[in-house]
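Below are the chains, spelled out letter by letter.
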Amino acid sequence: MLEQGEFADYQESFPQPRVTQDALPYWEGVKQKKLLFQRCPACHGAIFPPRSICPMCDAGAAPQWEQSKGEGEIYSFSVVHRPPSAVWKAHAPYTIGLVRLDEDYFLFTEIEGKPEDMAVGKRVTLTFPERDVPLPTFRLV
Amino acid sequence: MKPLDRALGRVAAIVGMGDAYADREHVKDPLQLASEASWAAFRDAGITKDQIDVLLTGRAPWADRRPQWNNIFASHLQMPVRMTTELTFHGAGVNAMIGQAALAVASGAADYVLCVQADAVELFIDATAVGAATDACPQFEFPYGPTIPTIYAQLACRYMHEFGVTEEDFAEVAVQRQEWAVHHPKAAKRKHGLITVDDVMRSPYISSPLRRWMCATWGPGGTAGAFIVTSVERAARAKNPIYIRGFGTCTTHEYLCERINLRKSTVPLGNLPAITTTGAAHAAREAYAMADMKPEDMDMAAVAGNFSHTFLVQLEDLGFAPKGRAMDLVRSGRMRPGGDFPVDTNGGWMGFGQPGISVAADSLVETIRQLRGNPLGLKAGNDPKTAMAYSAGGMLACHSTVILSTEKA
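Just so you know, the sequences run in chain order A and B. Residues in the first sequence are numbered from 1 upward in steps of one, following our numbering. Residues in the second sequence are numbered from 1001 upward in steps of one, following our numbering.
Honestly, the hints are just simulated from the structure, not real lab data. Watch out, some of these pointers could steer you wrong.
Said to hold, decoys possible - DSBU-like mimics (lysine-lysine), calculated; alpha carbons at most 30 Å apart, straight line:
no.	chain 1	residue 1	chain 2	residue 2
1	A	34	B	1264
2	B	1264	B	1002
3	A	122	B	1264
4	B	1408	B	1294
5	A	34	A	114
6	B	1323	A	122
7	B	1239	B	1379
8	A	33	A	114
9	B	1323	A	69
10	A	89	A	34
11	B	1408	B	1049
12	A	69	A	31
Kindly produce the complete structure, drawing on both the sequences and the hints.
Okay, structure coming up:
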């Protein structure tokens, strides 16, 4: 039988990203307030999340890192009114959405701005707010 | 992907079914629920547990997440078997037990397969905390603080944007689900009685545009469903066989951040990038082809609508409505009590609720009970002979269909 306490870590602190080896350069970029993504040298497609081999074509090529300009538009969004755990309560309501970057890939991210101002297609720009856990977020332009 | 052999729609049948339920007054854990349901299924099939060759389960219950839970359960029953495994692609794995059991029977690996799933989330763990921690990408999603509704709401947002569907439409879906749920003695939302569109629109946002009544609830406390699968030849001697006429499965991703970045697919998902068509469309096509049937041949359906908008998207992907037009089917009233195409007659995942991963077994239980004419809740008014049972799992990720019929192929 599982106890409530099994999820104590989740209840008491903001979650840290579970970093994969493929994504080490991405998180190094976040430390420097840069948004990095990968591109395939064979098919030239933008790749996200990061991989060691391009999944979008059959070349089997190793992706190359590029810096995003951090500009894009809202593809979808949802305003979180009932957060997942206690640590998020003071932050709510906050907006989480899919942002389509101009380099033509998508991030699942937070979008800062008034909930009533959110709309599909609105332009957003990259920001790195001061937080316990550094993350790239976006704000309405 | 290679098409499945259509002959597989003529090889196997469900000859025993058992269900079990728990609540705060009758606390049972997954081992107890699965035991009760399995013994009911053995008795229904007229067999003993020693005749089981293969045991299948879905993934470990949230209320008891020990790895190899399937083997723990085989051991718990003192039931040595040739093979046991979990089908671990979220809730779809539970529905897919039936097709995989048919394969085991067709291959000669088993005379009898026990498929069983139990869970009891409300009684044993903090469901709010476990949800997104399991289903959000732990690297690129979970650190932003989403809940499961937040992830699903991305589809709701796109569905409204692309097809002009409104929150009031989502409210109407909830109203109709509740019309079935109020009649089912185990439904989690039964106690609330009938609701109106205004009631739904007055309920608070969980994660916009999803309001509380547009979301599945946790509960009932616990459930289990057990199914005995054998050959159609052995089924001829069974008292109330349900024939497995078709099945199909498809999984397209694990996390939403992977799905939205998918740019090509061997299964049709619309013009990528897009999320408003799911792998359910492929899973359904496979099942219809195997059964040599069309969506119109289904007398009823059980879908996996954990939210109003997923209910609509699934109806479309399963072939019951054109893309973006499922609200027409809702408004027709055909899926309501008394309608000629009853859907989710136990109230579905929204009205009956989600006891955990066993919610997908509950849909199978409800389908088989309706086909046999002995539902616990309201009886389908159209004397159904053939049904589509579908389950989804993960964040729009995993899909499994099975076409069940009282009539042999």
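Legend entry - Violations among the numbered hints: 9
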